[in-house]
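Engineer: Top line first, the protein sequences correspond to chains A and B.
Numbering (UniProt numbering) for the first sequence: 1 to 193.
Numbering (UniProt numbering) for the second sequence: 1 to 869.
Bear in mind the hints are in silico, worked out from the structure with no lab data behind them.
Glycine is no exception: its CB is placed at the ideal position from the N, C-alpha and C atoms.
Don't take each hint at face value.
Derived Cβ-Cβ restraints for the label pairs, each shown as a range [as the list claims (entries may be wrong)]:
| # | chain 1 | residue 1 | chain 2 | residue 2 | range |
| --- | --- | --- | --- | --- | --- |
| 1 | B | K275 | A | Q118 | 38 to 46 Å |
| 2 | A | A139 | B | I293 | 48 to 56 Å |
| 3 | B | Q309 | A | P61 | 50 to 58 Å |
| 4 | B | Q309 | A | Q122 | 41 to 49 Å |
| 5 | A | E33 | B | L367 | 36 to 44 Å |
| 6 | A | A53 | B | Q309 | 47 to 55 Å |
| 7 | A | P61 | B | K490 | 33 to 41 Å |
| 8 | B | K490 | A | K114 | 26 to 34 Å |
| 9 | A | Q118 | B | N159 | 25 to 33 Å |
| 10 | B | I273 | A | E179 | 34 to 42 Å |
Spelled out from the first residue to the last, the chains are:
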Amino acid sequence: MGSSSSNMNHIPNAQELMQETGFSAAHLLRLYERFEFLDRDGKGELSPDDFEAVRELALNPIGGRIIEAFFPQGQETVDFASFVRVLAHFRPNDPNRKDGAQQDQANSRTRKLKFAFQLYDQDRDGKISRNELLQVLRAMLGIQVTEEQLQSIAERAIQEADLDRDGAISFDEFKKSLEKVNIDHKMSVRFLK
Amino acid sequence: MRCPSLANDDHGHDDADTGHDDADTGHDSADTGHDGADTGHGNSSSSQSGHGDSGHGDGHHTAPITTLPIVSWKWHHVETPYIVALWILVCWLCKLIIEANHHVTSIIPESALLICFGFILGGMIWGADRQQTFKLTPTVFFLYLLPQVILDAGYSMPNKLFFSNMGAILVYAVIGTCWNAATVGLSLWGCHMGGAMGDLDIGLLQYLLFGSLIAAVDPVAVIAVFEQVHVNEVLFIMVFGESLLNDGVTVVLFNVFDAFVSLGGAKIDAVEIIKGIISFFVVAFGGSLVGFIFGLLISLVTRCTKNIQIIEAGFVFVLGYLSYLTAEMLSLSAILSIVFCGMCCQKYINANMDERSVTTVRFVMKLLANGSETIIFVFLGISAIDKAIWVWNTGFILLTLLFIFVYRFIGVFVLTWILNKYRLVPIEFIDQVIMSYGGLRGAVAYGLATMLDEHKIKERNLMICTTLIVVYFTVILQGITMKPLVTWLKVKRAAVSELTIVEKVQNKVFDHMLIAIEDISGQIGHNYMRDKWNHFEESWMSRVLMKPSARKNRDHLFSVFHQLNLKDAMKYVTEGERRGSLEFIRNESAFVDFKKKFGDEYSEIMPDVTADTSDDHGGMSAMRRDPVPSVSLELHEQGMNGMRETEDVNTHHLLQQHLYKGRKQHRHRYSRTHFDVNKDENEVQEIFQRTMRSRLESFKSAKMGVAPPKPISKHTKKDQQQKMPNGKSLEKSRSYYSGDEDFEFSEGDSASGYDSSGNSFPMRVTYRAGAGIENPAFMDDLDPMSVVQIPPWLAEAELDSSMVAPSQRAQVRLPWTPSNLRRLAPLRISTRSNDSFMMADPSAAQQRDEDQLPPPPSPPPPPPPPHRD
Numbered sequence: 001m002g003s004s005s006s007n008m009n010h011i012p013n014a015q016e017l018m019q020e021t022g023f024s025a026a027h028l029l030r031l032y033e034r035f036e037f038l039d040r041d042g043k044g045e046l047s048p049d050d051f052e053a054v055r056e057l058a059l060n061p062i063g064g065r066i067i068e069a070f071f072p073q074g075q076e077t078v079d080f081a082s083f084v085r086v087l088a089h090f091r092p093n094d095p096n097r098k099d100g101a102q103q104d105q106a107n108s109r110t111r112k113l114k115f116a117f118q119l120y121d122q123d124r125d126g127k128i129s130r131n132e133l134l135q136v137l138r139a140m141l142g143i144q145v146t147e148e149q150l151q152s153i154a155e156r157a158i159q160e161a162d163l164d165r166d167g168a169i170s171f172d173e174f175k176k177s178l179e180k181v182n183i184d185h186k187m188s189v190r191f192l193k
Numbered sequence: 001m002r003c004p005s006l007a008n009d010d011h012g013h014d015d016a017d018t019g020h021d022d023a024d025t026g027h028d029s030a031d032t033g034h035d036g037a038d039t040g041h042g043n044s045s046s047s048q049s050g051h052g053d054s055g056h057g058d059g060h061h062t063a064p065i066t067t068l069p070i071v072s073w074k075w076h077h078v079e080t081p082y083i084v085a086l087w088i089l090v091c092w093l094c095k096l097i098i099e100a101n102h103h104v105t106s107i108i109p110e111s112a113l114l115i116c117f118g119f120i121l122g123g124m125i126w127g128a129d130r131q132q133t134f135k136l137t138p139t140v141f142f143l144y145l146l147p148q149v150i151l152d153a154g155y156s157m158p159n160k161l162f163f164s165n166m167g168a169i170l171v172y173a174v175i176g177t178c179w180n181a182a183t184v185g186l187s188l189w190g191c192h193m194g195g196a197m198g199d200l201d202i203g204l205l206q207y208l209l210f211g212s213l214i215a216a217v218d219p220v221a222v223i224a225v226f227e228q229v230h231v232n233e234v235l236f237i238m239v240f241g242e243s244l245l246n247d248g249v250t251v252v253l254f255n256v257f258d259a260f261v262s263l264g265g266a267k268i269d270a271v272e273i274i275k276g277i278i279s280f281f282v283v284a285f286g287g288s289l290v291g292f293i294f295g296l297l298i299s300l301v302t303r304c305t306k307n308i309q310i311i312e313a314g315f316v317f318v319l320g321y322l323s324y325l326t327a328e329m330l331s332l333s334a335i336l337s338i339v340f341c342g343m344c345c346q347k348y349i350n351a352n353m354d355e356r357s358v359t360t361v362r363f364v365m366k367l368l369a370n371g372s373e374t375i376i377f378v379f380l381g382i383s384a385i386d387k388a389i390w391v392w393n394t395g396f397i398l399l400t401l402l403f404i405f406v407y408r409f410i411g412v413f414v415l416t417w418i419l420n421k422y423r424l425v426p427i428e429f430i431d432q433v434i435m436s437y438g439g440l441r442g443a444v445a446y447g448l449a450t451m452l453d454e455h456k457i458k459e460r461n462l463m464i465c466t467t468l469i470v471v472y473f474t475v476i477l478q479g480i481t482m483k484p485l486v487t488w489l490k491v492k493r494a495a496v497s498e499l500t501i502v503e504k505v506q507n508k509v510f511d512h513m514l515i516a517i518e519d520i521s522g523q524i525g526h527n528y529m530r531d532k533w534n535h536f537e538e539s540w541m542s543r544v545l546m547k548p549s550a551r552k553n554r555d556h557l558f559s560v561f562h563q564l565n566l567k568d569a570m571k572y573v574t575e576g577e578r579r580g581s582l583e584f585i586r587n588e589s590a591f592v593d594f595k596k597k598f599g600d601e602y603s604e605i606m607p608d609v610t611a612d613t614s615d616d617h618g619g620m621s622a623m624r625r626d627p628v629p630s631v632s633l634e635l636h637e638q639g640m641n642g643m644r645e646t647e648d649v650n651t652h653h654l655l656q657q658h659l660y661k662g663r664k665q666h667r668h669r670y671s672r673t674h675f676d677v678n679k680d681e682n683e684v685q686e687i688f689q690r691t692m693r694s695r696l697e698s699f700k701s702a703k704m705g706v707a708p709p710k711p712i713s714k715h716t717k718k719d720q721q722q723k724m725p726n727g728k729s730l731e732k733s734r735s736y737y738s739g740d741e742d743f744e745f746s747e748g749d750s751a752s753g754y755d756s757s758g759n760s761f762p763m764r765v766t767y768r769a770g771a772g773i774e775n776p777a778f779m780d781d782l783d784p785m786s787v788v789q790i791p792p793w794l795a796e797a798e799l800d801s802s803m804v805a806p807s808q809r810a811q812v813r814l815p816w817t818p819s820n821l822r823r824l825a826p827l828r829i830s831t832r833s834n835d836s837f838m839m840a841d842p843s844a845a846q847q848r849d850e851d852q853l854p855p856p857p858s859p860p861p862p863p864p865p866p867h868r869d
């Protein structure tokens with residue numbers, strides 16, 4: 001992608017970002033275009049409103065949570081670097097880069113899971129409580145499922161995962177309960193490869 | 001396209017199924033008997049002396065009836081169906097013998113063994129007749145045997161997996177097959193030109209025709225071999241999907257080249273070639289469309305078969321078969337048609353039809369598929385024993401084998417290399433090896449070969465012979481070596497995991513997450529497309545094709561939840577009946593172990609029951625092996641359907657054995673219809689009394705502290721924790737602990753104010769302590785009858801229905817629950833949760849208890865849970 005190199009200059013800290021996230025220059029450029037598109041007022045920062053302008057996200061049952069995930073606590077806006085860092089979670093794990101740094105990459109299994117975990121863990125106490133799980137379930141299950149059933153499901157789900165019997169799912173338990181799932185396959189988006 | 005050629009099939013041999021001409025040869029005894037009846041002398045069967053010929057009233061001879069025959073010999077009357085049935089029986093007996101030897105089938109795949117049995121049978125026929133009177137004809141194969149296998153394949157196709165890999169599958173099926181056909185044909189021709197085969201009368205077009213028929217990977221053979229090797233699902237769907245879809249390509253190629261051969265090389269111009277290419281698309285897409293339409297039709301029909309539940313399952317088969325025949329009639333790809341028919345309708349019919357009908361469909365589907373697969377392989381073997389077709393040409397045969405093998409590898413590797421550039425999850429090298437190696441040829445190739453016209457292709461017999469050798473080579477040799485190869489290469493196997501709610505929820509979350517991320521990053525990707533399709537499907541297709549009631553409880557998550565509950569309930573029945581306590585729930589780890597243990601221990605108690613259940617045992621192991629579609633793959637996506645079926649059957653048997661004899665009402669509780677209250681007063685009383693007595697008994701012992709029933713002390717949390725590590729290793733790795741959760745969820749259900757993680761710990765513990773108590777009917781041996789005969793919830797249900805004033809439970813009871821949950825959930829909630837709840841929160845429990853059990857003394861508080869604080 002030689003042609004892109006000229007545009008790369010627009011992107012702040014492009015080299016560092018590429019290093020950090022593992023995105024190629026082409027990816028970064030693509031994402032930057034998207035970022036600028038989302039950033040309607042051109043401030044170089046995205047606000048939750050900018051995300052919500054994406055129509056499909058409004059239809060997504062957990063769209064709101066995904067948007068929140070872009071905003072670290074207390075922050076109102078997200079700049080391009082943070083934007084890319086979040087998206088880096090969804091980069092497929094590159095089998096050719098099995099080096100020591102792999103564990104720290106945003107697309108490692110643990111980091112991906114952590115991201116997923118935080119979608120549940122709204123109060124950031126490191127545990128998915130029954131209520132938190134219930135909220136997610138409520139968002140995702142059809143309206144025809146009654147509240148009681150939701151509670152049953154939540155209850156059961158917690159019991160499945162809850163190894164230390166504290167009535168909540170910690171991150172370790174979460175990880176363990178999904179150990180058979182190929183996270184890399186499930187949490188990767190192809191074109192971010 | 002196949003149909004005309006079938007019609008022109010002038011080779012005239014009827015095989016076993018239609019075999020008219022074999023009656024007099026293969027069954028001479030029958031025939032002599034017939035002759036005897038003819039002449040009417042000394043035939044004791046028609047004892048009216050001298051007038052035996054009137055005995056055969058089947059109208060061959062028109063001798064006037066002079067007296068009434070008591071019995072008569074009517075062989076010709078039943079000849080054809082009789083032979084068909086006999087052959088089916090023989091083939092299935094072969095399978096029976098093979099399956100009885102597990103140490104053999106674990107090394108040599110069943111399909112290979114069946115072919116070998118075919119050799120033996122063929123040899124016997126040959127010995128008797130000196131000619132091959134039975135063989136696999138294309139008519140029988142394509143019109144009767146193949147559809148059964150393919151319909152099952154389509155019906156149990158894991159749709160999501162298939163469509164996620166659709167691109168790759170299509171590439172392999174279309175381009176790969178064309179590549180194979182072209183290269184094999186051309187290379188053979190080249191070698192012929194080079195003089196490697198001696199003097200053969202085969203032209204370029206005929207080589208290409210041969211290449212096209214030998215190119216296609218055969219679904220039947222592939223299913224048969226891969227079902228025994230549980231490779232990972234992506235690999236499986238690649239091979240399986242390719243083998244199904246490439247039939248369209250093969251048939252079109254075959255027909256095109258067949259036409260070209262007829263036309264002769266001179267008349268083929270660009271127009272003809274373009275027509276050939278167009279016909280490919282028409283045949284493939286037309287066939288799929290026919291299948292799609294029939295799939296919709298099935299869905300629509302099953303929407304309104306509520307009143308004819310007995311035969312509703314039949315519609316699936318009849319319409320499925322019609323879709324095959326229709327496509328065949330329109331000379332479209334029949335296999336594609338029936339595959340898509342099965343794939344389209346599976347979701348809707350499973351939702352529309354009664355659960356029992358769904359089970360019926362699945363089992364009959366398996367029966368037909370397995371049955372006809374068996375017949376196909378046996379006849380593939382039998383067909384070999386025929387002098388007429390054996391024309392040996394070392395060069396031709398060996399080169400064919402070599403080219404097939406080599407070009408398959410090249411094709412797969414090149415195509416995968418291209419595909420991997422676009423795939424999120426690249427196909428690994430080892431998987432590619434297995435894919436290439438899994439290119440088994442089978443009966444489809446043989447069927448096509450026998451359809452060759454002897455007048456147009458002089459070396460037809462050589463081609464048939466070569467095809468057979470290729471089939472044997474691939475099915476037997478590659479089939480046998482497949483398993484070791486898979487093991488040796490450490491191919492990722494299908495993880496037979498139990499589905500858990502957490503995983504299911506999380507998978508949903510992942511799906512939504514990916515869609516959101518695609519939206520945010522502004523790409524239109526796979527997830528986006530799937531999302532759109534789901535929306536469309538949801539809003540239009542489901543609406544039209546699904547019963548409104550079925551639509552309601554269709555949520556995947558909920559259905560998993562429901563299935564897990566069902567499964568636990570069934571475990572609970574069997575174990576509860578056997579043991580009289582819930583201990584098993586904590587010890588038991590694997591379903592299979594469970595079965596085994598169950599069988600073993602049970603045989604001592606009730607041999608007759610074991611006989612019954614051991615059947616199911618076999619049935620289940622068959623389900624497990626039986627691969628593909630139903631188990632190894634679906635386990636991931638569709639939960640434990642296979643498992644559930646088996647358990648349905650198990651439970652059914654067990655219930656039949658164990659429920660109060662003569663009280664049919666109880667069985668209805670397990671029917672899906674409705675959870676109706678038992679009207680029989682006496683029974684209500686009886687069960688109630690029994691329950692209460694055992695209850696009191698256990699409470700007494702608990703109170704007095706005299707030899708407390710084992711569960712109480714045993715299931716405290718501490719013990720539990722100790723037990724786990726040195727318990728079965730599986731236990732640890734399991735992600736959910738079988739039955740417990742139900743009780744706990746029901747507890748959560750009824751606990752009105754459970755809000756935080758804070759109080760759940762004590763509840764948990766008390767539940768454990770309570771487990772022993774609240775199931776008193778099974779705990780001790782005071783009443784063997786009750787141990788054996790009343791599943792606990794039945795007892796409790798009676799309690800409910802008779803004694804309990806409408807109470808909080810009425811509120812707690814789920815307002816409505818889809819289908820079967822209805823009969824499970826409230827029951828669980830009733831007493832079970834009551835006990836545990838009571839212990840967690842004495843005051844509330846007290847109140848509830850008063851509500852619930854006026855007559856008996858309210859149960860004393862159980863021993864305080866050790867970890868209360």
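Engineer: Hint by hint, say whether it matches the structure.
Structural biologist: Against the structure, the hints:
no. : hint                         : verdict
1   : B/K275 to A/Q118: 38 to 46 Å : violated, 59 Å
2   : A/A139 to B/I293: 48 to 56 Å : violated, 37 Å
3   : B/Q309 to A/P61: 50 to 58 Å  : violated, 36 Å
4   : B/Q309 to A/Q122: 41 to 49 Å : holds, 47 Å
5   : A/E33 to B/L367: 36 to 44 Å  : violated, 57 Å
6   : A/A53 to B/Q309: 47 to 55 Å  : holds, 51 Å
7   : A/P61 to B/K490: 33 to 41 Å  : holds, 39 Å
8   : B/K490 to A/K114: 26 to 34 Å : holds, 30 Å
9   : A/Q118 to B/N159: 25 to 33 Å : holds, 32 Å
10  : B/I273 to A/E179: 34 to 42 Å : violated, 54 Å
Checked against the numbered hints given earlier, this structure breaks hints 1, 2, 3, 5, 10; the rest are met.
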